[in-house]
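K.L.:
The lines below spell out each chain.
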Amino acid sequence: EAGVTQFPSHSVIEKGQTVTLRCDPISGHDNLYWYRRVMGKEIKFLLHFVKESKQDESGMPNNRFLAERTGGTYSTLKVQPAELEDSGVYFCASSQGWADTQYFGPGTRLTVL
Amino acid sequence: KNEVEQSPQNLTAQEGEFITINCSYSVGISALHWLQQHPGGGIVSLFMLSSGKKKHGRLIATINIQEKHSSLHITASHPRDSAVYICAVRSLYGANSKLTFGKGITLSVRP
Numbered sequence: 001e002a003g004v005t006q007f008p009s010h011s012v013i014e015k016g017q018t019v020t021l022r023c024d025p026i027s028g029h030d031n032l033y034w035y036r037r038v039m040g041k042e043i044k045f046l047l048h049f050v051k052e053s054k055q056d057e058s059g060m061p062n063n064r065f066l067a068e069r070t071g072g073t074y075s076t077l078k079v080q081p082a083e084l085e086d087s088g089v090y091f092c093a094s095s096q097g098w099a100d101t102q103y104f105g106p107g108t109r110l111t112v113l
Numbered sequence: 001k002n003e004v005e006q007s008p009q010n011l012t013a014q015e016g017e018f019i020t021i022n023c024s025y026s027v028g029i030s031a032l033h034w035l036q037q038h039p040g041g042g043i044v045s046l047f048m049l050s051s052g053k054k055k056h057g058r059l060i061a062t063i064n065i066q067e068k069h070s071s072l073h074i075t076a077s078h079p080r081d082s083a084v085y086i087c088a089v090r091s092l093y094g095a096n097s098k099l100t101f102g103k104g105i106t107l108s109v110r111p
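Chains U and L are the protein sequences, given in the same order.
If you're matching positions, the first sequence starts at 1 in the working numbering and goes up one per residue.
If you're matching positions, the second sequence starts at 1 in the working numbering and goes up one per residue.
It is worth saying that the hints were derived from the structure and are not from the lab.
Any given hint could turn out to be false.
[What the hints assert, rightly or not] No farther apart than 27 Å at their CA atoms in a straight line, the calculated lysine-lysine pairs in the DSS-like style are these:
1) Lys103/L to Lys44/U
2) Lys55/L to Lys103/L
3) Lys41/U to Lys68/L
4) Lys41/U to Lys103/L
5) Lys51/U to Lys78/U
6) Lys54/L to Lys44/U
7) Lys54/L to Lys78/U
8) Lys78/U to Lys15/U
9) Lys54/L to Lys68/L
10) Lys44/U to Lys78/U
11) Lys44/U to Lys68/L
The structure presented is a predicted model; accordingly, all values stated were derived computationally and were not measured.
The following block holds chain U by itself, in its conformation from the complex (with noise of 0.2 Å):
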């Protein structure tokens, strides 16, 4: 069974420039998560999907972040326009229950210049 991907692994980008994430969780798992490491900092939540519905997105941290999850399946986070501040490691998570082992994908690194 394939475990979470994300895509890409690393990305490179300017400030102002817009980046879009993608996580595609284990097959059947209905929970989508999405975390942010920055540097020297804990892991912290953004948000959690049911499905394509957003059952929590209160880690968002401002309306430059769009999360999407269209027919449940794949999820994209996409950034725009891009600060410094955004830079770290993005990890996205699924589970099959709510109270179920969430299970972490690689994440992507994200740098922005």
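Start from chain U and add chain L according to the hints.
P.N.:
For chain L alone, coordinates are given in the frame of chain U:
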């Protein structure tokens, strides 16, 4: 103060030693996760606990809900155990499944 605190911050051990990593939290939780991340690698879920103790191979995780404390023990440590170990908790309240993370402990096991 973070809701999830881990100690020690960094840890170096000799191969074969028994290792304990601690996690304390300040909120009511429904579950606690222990996660592992090897250098350059992804995050792997080791355990999800809501009470008592779980064992997998050389790893043992315990939790004391009353004291809001969990420990991860590694017996007969090996250099391949070198990784960052992260504690994360899921809130007790509502159908809220987001995780709150500690900063992680960097463990180095020397041969």
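K.L.:
It remains to establish, for every hint, whether it holds in the given structure.
P.N.:
Status of the hints after comparison with the structure:
1. Between Lys103/L and Lys44/U, the direct Cα distance comes to roughly 10 Å. Compliance with the 27 Å bound is thereby established for this hinted pair.
2. Distance check on the hinted pair: Lys55/L and Lys103/L sit about 23 Å apart at the alpha-carbon level, within 27 Å; holds.
3. Of the supplied pair hints, the one linking Lys41/U and Lys68/L holds, its CA atoms being roughly 22 Å apart against a limit of 27 Å.
4. Distance restraint check for Lys41/U and Lys103/L: the Cα-Cα separation of roughly 6 Å lies within the 27 Å cut-off, and the hinted pair is therefore satisfied.
5. Annotation: proposed proximity of Lys51/U to Lys78/U holds, straight-line Cα distance about 18 Å (limit 27 Å).
6. Distance restraint check for Lys54/L and Lys44/U: the Cα-Cα separation of roughly 26 Å lies within the 27 Å cut-off, and the hinted pair is therefore satisfied.
7. At roughly 39 Å between alpha-carbon atoms, Lys54/L and Lys78/U are farther apart than 27 Å, so this suggested pair is violated.
8. Between Lys78/U and Lys15/U, the direct Cα distance comes to roughly 14 Å. Compliance with the 27 Å bound is thereby established for this hinted pair.
9. About 17 Å separates the Cα atoms of Lys54/L and Lys68/L, which keeps this hinted pair within 27 Å; it holds.
10. A threshold of 27 Å between alpha carbons decides the hint, and for Lys44/U with Lys78/U the separation of about 17 Å falls inside it, so the pair holds.
11. Only pairs whose Cα atoms come within 27 Å are accepted, and Lys44/U paired with Lys68/L is accepted, the gap being roughly 20 Å.
Hint compliance for this structure: hint 7 alone is broken.
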